[in-house]
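J.: Spelled out from the first residue to the last, the chains are:
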Amino acid sequence: HADTKSMRIAFSNNYAGNSWRQAMLKSYDIVTKKAVADGIVAAADVFTTADKEVPTQAAQIQNLILQGYNAIVINASSPDALNGAIKQATDAGIVVVSFDGIVTEPSAWRVVVDFKDYGKQEVVQLAKWVKGGNLLEIRGLAGTSIDDAIHSGIAEGVKEHPEFKIVNSVEGDWDQTTAQKAIATVLPSLPEIVGIVDQGGDGYGAAQAFAAAGRKEPTIIMGNRQDELEWWKEQKAKNGYTTWSASIAPGVSTLAFWVAQQILDGHKDIPHDLLVPYLSFDQDNFEAALATIPKGGVASHEYTLEEAKQAIANNLKH
Amino acid sequence: MTSLAGASTLRAVVAEVNTPRRILRAILPALSLALVVAGIAWFNPRAISYFGINLMLNLGIPVVLATIAQMFVITVNELDLSIGNFVSFVGCVAAIWLRENPVLGVVILIGCIGLYALMGAVIYLRNVPSIVVTLGMLFVWQGLAVLVLPRPGGKAPAWLHDIMNLRTPYVPFPIVAAVVIAAVVHFGIMQSSYGAILRGSGGNPNAIGRAGWSLLRTKVVMFLLAGIFGVLSGLSLIGLTTSADANIGKGYTLLSIAGVILGGGEFVGGRVSPIGAVIGALTLTLAGTLLNFMRISPDWQVGAEGAILIIVLAARALINRAGPGVLSHK
Amino acid sequence: MDEHSANIVDLTHIEKTFGAVRALAGVDLMVSRGECVGLVGHNGAGKSTLMNILAGTLAADAGEISIGGKPQKHYSVAQAHKLGVRCVFQELSLCPNLTVAENARVLHPSIAGWGWRKQAGRLIREKLDAIFPDHGISTDSMVGDLPIGKRQMIEVARAFTVTKESVRLVILDEPTSSLDSHRAGQLLAHVRRAITDGGACVLISHLLGEILEYTDRIVVMRDGKVVAADRAAAFSRDRLVTTMGATAAGRTGRADAGTVARGSTPVRVRAQPVRQSDGFELVAHQGEIVGLAGLAGHGQTDLLLTIFKAAARRTAGVKISDPVALIAGDRQSDGIFPLWSIAENIGIRSIKNLRRGRLISPDLETRFAESWRDKIKILTPDLRNNILSLSGGNQQKALFARALGSEARIVLMDDPMRGVDIGTKLEVYELIRSEARAGRTFLWYTTEMEELQNCDHVYVFRNGRIVADLRRDELSEEKVIQSSFEEAIHS
Amino acid sequence: MNSLLRRLLSQPWVWSYLGALLVWLAAIVFTHGYGAGGMISAGLALAVFSVITGVAQMFVITLGPGNVDLSLPANIGLASAVAMKVMGGSDSLIALGLGAALVSGIGIGVGNYLLIWLLRIPPIIATLSASFIIQSIGISYGRGLQIKPPPGFAEFTTVQLAGVPLLAIGTVVLTLGFAVLLHRTIYGRSVLAIGQNPRAAWLAGIAVERTRCFTYLLSGALGGICGALLAGYFRGSSLDIGDEYLLASIALVVIGGTSVSGGKANVTGLWGAGLFLVLLLTMLNTFGVSAGIRYVVTGLVIIGVIVAAGGEKAR
Ligand SMILES: Nc1ncnc2c1ncn2[C@@H]1O[C@H](COP(=O)(O)OP(=O)(O)OP(=O)(O)O)[C@@H](O)[C@H]1O
Ligand SMILES: Nc1ncnc2c1ncn2[C@@H]1O[C@H](COP(=O)(O)OP(=O)(O)OP(=O)(O)O)[C@@H](O)[C@H]1O
Ligand SMILES: [Mg+2]
Ligand SMILES: [Mg+2]
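Chains as they are written, first to last, in my numbering: chain A, 1 to 318; chain B, 1001 to 1330; chain C, 2001 to 2491; chain D, 3001 to 3315.
Any given hint might turn out to be false.
Under the rule of at most 20 Å between Cα atoms (straight-line distance), these lysine to aspartate or glutamate pairs were calculated in the EDC-like manner [as the list claims (entries may be wrong)]:
1) A/52 / B/1299
2) D/3085 / A/217
3) A/33 / B/1162
Listing some non-contacts, in silico: residues in chain C with all C-beta distances to chain B over 10 Å [as the list claims (entries may be wrong)]:
4) 2035
5) 2093
6) 2103
7) 2105
8) 2222
9) 2278
10) 2370
11) 2426
Because the hints were derived from the structure by calculation, they are not lab data.
What you are looking at is a predicted structure, and each value in this text was computed from that prediction instead of being measured.
C-beta atoms are modelled at their ideal positions from N, C-alpha and C, and glycine is treated no differently.
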């Protein structure tokens, strides 16, 4: 086995301005600091660009190549458009592991969450306690792959549960403010809504928009944000409000880190697509989770090396 | 009424005192670039190599082209807020149709350039501010890009990829490309005789009109050129990334404006410099690299991008100190 | 084209209205070969409007234009150029961001292809050499970097350059307003030469001396109509002035004695030009009119600006005792706010006093402007009209009103009479003198000898330095000229 | 009567109100009149924020070519975090939080102006650079966490009087104040003069630099207030809460009839443009069109309105 003690891993990140990204960076920081202190790797540096732009991140990757990193962990701004730069990196012998915003370049690794299943589950879960009716969908950032995947999952779910009908969909850009604003503009024209299916992080904004318009909040699928769960808790205490919450855990960044470390360590057999579960909570266990989330933060989970090895092993069995 | 004899004693005393400062101002962009390159060499000497320069600068080519496009528009006292989204749209078209159905792809791209020219005509004929028209076009291009490419993907035609990855002898391709672009545009707009008219129509449109030139034509020509360079920017970007994304070029709008200004251009009055703009664009590209090499704490990386812009531009101030900087028309 | 027609230009019954203003009320004008026509009239008489129509930059509402004997149906700038009609407009039309050579090219579509820049440079340099020997202008300089006088020289020279189409008529709309007398003389001499060579010229000027001495025929306009047209010899200065309708007819403008002895009033301004190495300084007392003379661009404006700056913050070499106002001569770049009404343009310097409580009162503002319109006769139906609707000279009057209406006790004037008609000038001279008597101090840079006659004291500038210091009783044209050209030792 | 109509139509801002009316009518035709009032009150509530940023941007843009405040979004984001953190969820600290947001905004204005004046950096680049730095400050200060407003403040931002949001009423009063500031005070006149010709303004005795400085401070302060209000209305601060107000503020200013080449401003038009853009979004969301179509239509409508309105006279 190759020793990774002298190896350096870089993290290419393209945005740091929201709570999810901050949780991601924090988890990554905790785990990698320890890994460096323990002498598992020589360095684990973080590089963040200002905007969510593709060219900026592509340039960043090229700069990381120049700096001689052995591996790059990346949350990519585009699944395809970075492929040129990713290919240059892997051609130079650099291990590239992507997560959350994954890249499609075959020579790179992907820590994937099944976003399509996540979308479908939203409807499936909803069907458990809502008899049927009108749904409002909140989309993510137009033109991105994650938005597309979740949307098609939701569409599939609705197909399986024809008692639901999506009467309108608005653009939330994965941003609470944008989502709330978009809902506020359509709400006056909407008939009764029984549920809101979204892409995580919009739940609280949706609830506020309904409250502002003086309408009763429907069942809103949540996205593991502290404020969402908090609101859910209040509503539950008040009137038994029931819903479901799920999102990709920001701590997946640490899994991606360990995967990179393992590959550097000589585990070439690791499949290029690693499926990891998204983090979900239901009526019974969300309150316990809520207690551990910092105010204004997101539910997360940091992987230890052992857990990472286990997650890799799970994928090997497939 | 006096007419003075003995005028020959009058020596040309009020010589053009401004000339040295003008020259200094002209080489300022190059100084900024040198500053950044020196920084890079300091932090990572390895980067200054054929391979390194290729890696650091190839993504600068689309920025250079977009900056030149913006420069054309700024020359005639307008501003293009849509160029970034236009580049995105061109990228989507290139990645989808240029490979599969080149004829359709080319027709669409030519249509886009035509639309740019039309934009120039509308701005002139209706006398509307370009900021609003291009703001509207920003949404139009963005919408079209999303419609054309609902999810990222597509593939650049092989020839495009090959061009952008050319291995020129001795001098890395991005440098060759930048020099060629700068030379061509400099010749076209600074050295050609019609170029003088084009710039003049930014400096004093009335004067150009009174001399019998069509101001509609100058505006249309400049927007047409902007469209052409926007298309080139989109194509070169896709040639590098190999695949498209509806939001891929968004950031180029601000970058291109910054590039023109960094290159010594001014927002009004037709004072621009193609060579400066190219250098400005490269400086911006390399500034990112420099930051990357500096290993700044993640919290402050974004801020450092601002800081470096400030430092580079503050160098201008030191040299321009003598004059009333903000008031350019004297 | 009919080369034999004697008349190059025939304008008949030209009419033009701008909103409520009837700028031209049926004007006839004829210019024949080998003739220089002098066009005079009060500010706003319609001279520039008529010339704009002749140059094709404005369309007439009614009337006929015929050039070279041929009636013109669709007359345009391009057509005018083709027919050899050139115009030097009152408001300069050079591109500040282009070089002198490039600006020359703008007028000549035929200069193109390899070496165009050289060709254009040669063309304009030869013309500059011919008209203004020792002009000291490099064809590579950026026009925007040059002072207004040089820009004027370039534009005039450019109008005389010839490539493919021959030049048949050159219109000069107040070409000498930004030139000193030396340059003006050179230009007018050239005009005569061009006339002798078979060209034709229309010359507009408010300096009646120029018109009387250099033109063949004089056309006088008044309120949009031609009121007189005759051989130049048939006019005298007085006849011109009365025909134009000026009230203060015939006066040369020289104030009567009443000279106050220097030093009897407190010093208001002490200023030393930056390049003055011998410690000599300009001094102005309360109630004095101090002239700054010399050739254009020899540091007079710079000193005025230094003094102006010193009003805001301490400046080495300058001491002033009171608030300062400045009247710009280059009204386009230094004076006018082009989006504002006339009233707003006048009121801005005194805005502090035009408030009721803390808010500006449009009512007070209008009344303030009205009082000044009456005092110096700004020709407009409505002070709420845009400032650009005023003729050039009237715009200049608005700037006068702005400064004289302010609380400033010291008024700096940067050759402010550019384009002001003779009648108004005389009134303004009188106004300045009475303001001075009331205790205001004026620093007056001018290129016109006649205006220096109004000064109590004149400093002559050369190369950025004061080279002569003349009391009113020592002042003579010869002395000023002599000092302008030679390093005189001041006593 | 006819001439009055013509005079009215020659005002550039009329077109934005017409546009707003038109898209609103289109939306309620689509819903057969259902939700007509709700759309307006939602529109008013949302327009408030764009109008506040629009006022800020308007003053800056009026200073003349090249003047624009690109740091508004970052300013808003930081101020929202500062306000919420200082309020700390307690109603008794609302005033303090608002004050803190104001101070943060003014601080940013000072920074912007120092870059422009001291280092002679063109405003567009200065504010862009500043916005990067502010983002970093925001990240290290707020850690991207969403902090909730105190209930009293949240309530204040959403409460309605007869269907009209209180905040909208307050903002109308505020904008009236700014109209007076612009047209009837020395400061406002100075801004307009500098926008037309800074050199002439200087020579006319206007305190050019003081005016410029105050304008950037004003823009910063309005950004700060807007950040706090946004955090209240959207029930939580976030660093990117102001992102959309970059383009929105510029769009508002130009659609509202302010001259982008400086020297001419229009406060009335800001409300028309603000309502127009929000109701346009409402209409398109009501139609339920896809994102792509929505963008294209938005763009075309903006161009349509401005082209129909025609330009200001060439100078
Ligand atoms: N664009 C315009 N809009 C409105 N009124 C105008 C316009 N141009 C000129 N006028 C008016 O037409 C009249 C004639 O102006 P013109 O410029 O021809 O005068 P002028 O004889 O050249 O005066 P000056 O000696 O001051 O240059 C004036 O009353 C002027 O206010
Ligand atoms: N010679 C000059 N030509 C053109 N503009 C100038 C000149 N000198 C100064 N300025 C400009 O005039 C503006 C105002 O300068 P000034 O020093 O008067 O500031 P101010 O605003 O009056 O200051 P304060 O607020 O302290 O009164 C500045 O933008 C400066 O660049
Ligand atoms: Mg005139
Ligand atoms: Mg001052």
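J.: Enumerate the violated hints, using their earlier numbering and listing them in ascending order.
T.: 2, 3, 5, 6 and 7
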